[in-house]
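Student: Respectively, the protein sequence lines represent chains F and A. For the first sequence, the working numbering begins at 1004 and goes up steadily by one. For the second sequence, the working numbering begins at 1004 and goes up steadily by one.
Check each hint, because a few of them may be wrong.
Any copy, or any two copies together, can satisfy a pair, since identical chains are not distinguished.
As the list claims (entries may be wrong) - Pairs of lysine-lysine residues, derived as BS3-like cross-links and limited to a Cα-Cα distance of at most 25 Å, are as follows:
id : residue 1 : residue 2
1  : Lys1047   : Lys1171
2  : Lys1262   : Lys1013
3  : Lys1336   : Lys1406
4  : Lys1259   : Lys1228
5  : Lys1099   : Lys1406
6  : Lys1228   : Lys1262
7  : Lys1112   : Lys1243
8  : Lys1262   : Lys1242
9  : Lys1408   : Lys1099
10 : Lys1390   : Lys1400
11 : Lys1243   : Lys1262
12 : Lys1228   : Lys1243
13 : Lys1338   : Lys1259
Quick caveat, the hints were computed from the structure, so don't treat them as lab data.
2 protein chains.
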Amino acid sequence: MQQTILTSFKSYVSQEQLFDTSQPILLAVSGGIDSVVLTHLFSKADFSFAIAHCNFQLRGEESLRDEHFVQQLALRYQVPFYTVRFDTHDYTTAHKVSVQVAARELRYKWLEEIRQQQGYHFIATAHHMQDNVETVLMNFCKGTGIAGMHGILPRQGHIIRPLLFTQKEVLLDYGKAEQLDYVEDSSNTTDKYTRNFFRHQVIPQIQSAFPGAVTNMAGTIHRLKEAEILYQQAVVVHKKRLLVKKDNTWMIPVLKLQKTIPLQTIAYEIFREFSCSPSQTEQVLALLGSESGRFVETATHRIIRNRQWLLITALEEEDAPVVVIEKGQSQVKCKEGQLQLRAVTLPHISASLNIACLDAKQVQYPLILRRWKQGDYFYPLGMIRKKKLSRFFIDQKLSLPQKEKVWVLESGKRIVWVVGMRIDNRFKITDSTKEMLLLEWTALP
Amino acid sequence: MQQTILTSFKSYVSQEQLFDTSQPILLAVSGGIDSVVLTHLFSKADFSFAIAHCNFQLRGEESLRDEHFVQQLALRYQVPFYTVRFDTHDYTTAHKVSVQVAARELRYKWLEEIRQQQGYHFIATAHHMQDNVETVLMNFCKGTGIAGMHGILPRQGHIIRPLLFTQKEVLLDYGKAEQLDYVEDSSNTTDKYTRNFFRHQVIPQIQSAFPGAVTNMAGTIHRLKEAEILYQQAVVVHKKRLLVKKDNTWMIPVLKLQKTIPLQTIAYEIFREFSCSPSQTEQVLALLGSESGRFVETATHRIIRNRQWLLITALEEEDAPVVVIEKGQSQVKCKEGQLQLRAVTLPHISASLNIACLDAKQVQYPLILRRWKQGDYFYPLGMIRKKKLSRFFIDQKLSLPQKEKVWVLESGKRIVWVVGMRIDNRFKITDSTKEMLLLEWTALP
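Using the sequences provided together with the hints, build the complete structure.
Tutor: What follows is the structure in C-alpha cells.
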C-alpha cells in the first residue's frame, strides 16, 4: 500500500527530528505549489504555524497578486500572517550581488527577524528533492569539495525543510487531488538563472533517459552527507596531530605535515582557519620545500617557515583606533604618528600645519584622538558655518589613501582639530585667551 | 606560456608517480584518437612500451580494419604487438552480461595475462578527463556512495591512466597538429549505451552553458578522492572501536553501535565485510531494537542479537568442493549427493544414469570428486573425439542452475564420469575387462 504524502511527511519530521510538533513554526510561503502544499500538510497534521511572505517586487503586478494570494491563504487557515516588500533591485546595486543572492539574503534575514520577534521555533521552507538534486549538480559542475555535495540540509540553524523527502511530481499530484489553488511564478519558467537551466534542461533530460535518476541522486547525496561527517571526524584527528600552540603562536612540524595523507585536503582544512585562500594554501605547501624565513601572509596571519616548523602568528592588531588623552598627558601615539601636548602662555605662531595652538579654556578632557568617520563635521578656522569632513576633504583635493589616514582630535563630541590640516573655529585663540594648548603632530614614515 | 601536452603528460606521470619511466609499459590501443595520442606521447617521451589490441568482433569489417590499423601502428613505432579476437557475443550469452561489461571483462583479463607473461610493469589505458567526468556523473545519477565519486583512478593495481589530466579537445587538437591517423569507432557515435548518452547529450549540454564545467567537475572529483581517503581513515577508527574478536566470533556492543555517528554509513561499512547487502544492513540495524535471539543471515555470516551484543559468526563452510577418494573407500559425500563405490566382477547393466560401471584397470587412485569447471573436457562414451563439457551441456540442454550442480569424477587428470550423465569412453568396459568398479550416485534432495 502506497504511503500517503501526509504520512510520509509526518514520519520524515519525526525521523529527522526536525521540530517538536507542539512548537509553532513560521512557514515561508511564496504562493507556489510547493509552499501551498507545505501549508496544507501543516494544517492537516494539526501542527501550529504562521505564514510569512516576501514580496521582492521583481515582477510588478504579478508580485502584488502573489502577496494578496498568500494573504488570503493565511486568512483561510486563520493563522498569523507577516509580509514585507523589498527593493530587491536597489539591494543588488548597493551590495553588488545577483538578484538571486539579493532575494535569498533579504528573505532569510527578514524571516529570522520575524521568527525571533514573534517567538517561532523554526522557519520552514518548501524545498523538495528536485531542489536538492539541482543544488548538488550545480555545485558539482561549478567545482566544490565534499561540503558542497551534502546539498540542502533538512535542518540548518533555525531553518527546516520538511519536504526534502519528496519529489515535485508528488507535490503536483497532491495539489491536484486536494484541489489546492496556487500561483505560478513566471520567472520560474524561463532559463534566466543557472538553477533554472539545471531545473528545466539538464535534469529532465537525464530523467527522461533514467526515470529513477532523481531518487538515486537523492540517495547519493544522503550518503555523501554521512561521508562528510566521517571526513570531518578525520580532519579533527589530523589537526590535533599536527597543530601545537605555544603562547600566541601555532606551530606545525614540517616533516609530519609532509608525510600527511591526503596532504592537499588537510592543508586546505588547516590553513583556511588562518584565512588562507586555496591558492595561498598552495603557496604554504611550497614553504615545505623552501628555506627558513620564507613566509605567506594572509588577511589575518603570517605563516613562516622556521627551520623544521611552520609558525603561524596573527598579524599585529592595528593600534587602538581611539586614543584617550587625559589632562596632563604630554604625548600619545597612534598608527600614523605621534601627538605632543603642552600648556603654554604665549601664542605660538607657526606656518606648519602640524602645529596647532588652541584656547585652553575651550578644551574639555579627556580628549579623543581617533580616525575621522563619515558624518563628522567641524567649523573650519575662519568660517562660521559647519562643514562635513567629507566635503572639506574634497575641497582639499585629498586622494582616497590620504583620506584614509586622517585623524581628528575631539573634545566633548566637538572636533578640535583635523590633525595636520585645520583647527576648529570655536577653539581658536582670541583676545580673551589666557592659557593655550600647543599641539604638535609628527607623522610617522 | 602554455605548457605543451607532452610536458603536462610527463609531469603528470611523475607527479602521480604512475610508473618508473625505465620500465616497459603495455599500452591498450583501440586505434581511436585517445590511444593513438597516448602511443605518440609514449614514443615522444622516449618511454619503453608495447601495444596490445583487442578485437571484440562486434562491428564486422570495421573491427578487422581497426585491428590492422593498430598492427601497422606497432610496426611503425617498431614495438611488440599483441592482439586477440574475442567472441564477445558468446560471452554476453554465457555470462548474462551486457556487451560493455563483456568487453571490459575480456579486455582486462587478457591484458593482464599478456602483462604477466611478457613482463610489462603496467597496462596503460587512454582514459581522459571527459571519461572520468562521465563515469562520476553516471554513478551519481545511478546512486552511489563516496567510493563511486572518485571516478577513474590514475593508478589501480597494474593499470595506469596517464591521460586523465587532459581533455578530449586537447587530444583532438594534438592529433591534428601532429597529423596523426586514427580510426573512428562507429558505435561511439550512437547513443546505444548509457555512457554515450552522458557523453553525447548531458555533458555537451552542460558545457554549452558552462564552458568550464568539465574542468570544474574534474576538480570536484579530485577533492572527493581525497575526501574518500579521510572517510576511510575515520571508518578504520570506528571499526577498531566497535569490533571485538573472541575466538571465531566478532562481537559488537549494541549500545556503542547505537550511539555511533553516522550510524547508517558505519553499519554499512562494517557489515558489508560480512556480505551484508544494503537492505540487509537495515535489517541488522533493526536488531538494535529487537530482543535476544533475533538474527540476520547473509551469504556467509549470521549476525545475531545476544543481550547487549551483536555476535557475528561464519556460516558453516560448504563441503570441501574437492573430495579425495582413496582406494578401498566405499562411500563419500558432497553437497549435492553421495557416491558409493564397489569392486565387482560381473558387469552391471542399468538404465539409470546414476549408475556407472568402469574398467577397474584403467582407474588410477586417488580418485577426485569435484565440481566441473570451464575448460574441462572428456571423451563421451561412444565417441572418439574429446568434447568440452560446456559444449556437452549445451547438447544436453542443461539449464544454468542444472549446470552449476554438475560434479565430475577424475582419475589422474582424466575425467572418468560426468556424474549422473555420461562416462568417459576410455573407461568403458571392453571384452578384455576383468575387474570392474561400480559407482552409484544418490542425489540429495
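Student: How do Lys1262 and Lys1242 come out at 25 Å by Cα distance, when the copy is not named: within, between, both, or neither?
Tutor: both (14 Å within a copy, 24 Å between copies)
Student: For Lys1228 and Lys1262, with the copy left unspecified, which applies at a CA distance of at most 25 Å: within, between, both, or neither?
Tutor: Classified as between: cross-chain Cα gap 18 Å, same-chain 28 Å, threshold 25 Å.
Student: Within a copy, between copies, both or neither: where do Lys1338 and Lys1259 come within 25 Å Cα-Cα?
Tutor: neither (39 Å within a copy, 55 Å between copies)
Student: At most 25 Å between alpha carbons: which applies to Lys1390 and Lys1400, within, between, both or neither?
Tutor: within (15 Å within a copy, 103 Å between copies)
Student: Please work out whether the CA atoms of Lys1262 and Lys1013 approach to 25 Å or closer within one copy, between two copies, in both situations, or in neither?
Tutor: Close across copies (24 Å), not inside one copy (49 Å); limit 25 Å.
Student: Please sort Lys1228 with Lys1243 into within, between, both or neither, judging by C-alpha distance up to 25 Å.
Tutor: Classified as both: same-chain Cα gap 23 Å, cross-chain 22 Å, threshold 25 Å.
Student: Treating 25 Å as the Cα threshold, decide for Lys1408 and Lys1099: within, between, both or neither.
Tutor: within (18 Å within a copy, 73 Å between copies)
Student: Which holds for Lys1047 with Lys1171 at a C-alpha limit of 25 Å: within a copy, between copies, both or neither?
Tutor: within (19 Å within a copy, 54 Å between copies)
Student: Is it within a copy, between copies, both, or neither that the alpha carbon of Lys1112 lies no farther than 25 Å from that of Lys1243?
Tutor: The answer is neither: 36 Å in one copy and 45 Å across copies each exceed 25 Å.
Student: For the identical chains here, do Lys1336 and Lys1406 meet the 25 Å Cα criterion within one copy, between copies, both, or neither?
Tutor: Cα proximity of Lys1336 and Lys1406: one copy only (19 Å, versus 95 Å across).
Student: Given a CA cutoff of 25 Å, do Lys1243 and Lys1262 count as a within-copy pair, a between-copy pair, both, or neither?
Tutor: Answer is both: 15 Å inside a copy and 23 Å across each meet the 25 Å cutoff.
Student: At most 25 Å between C-alpha atoms: does Lys1259 with Lys1228 qualify within a copy, between copies, both, or neither?
Tutor: between (29 Å within a copy, 22 Å between copies)
Hint violations for this structure: numbers 7 and 13, all remaining hints satisfied.
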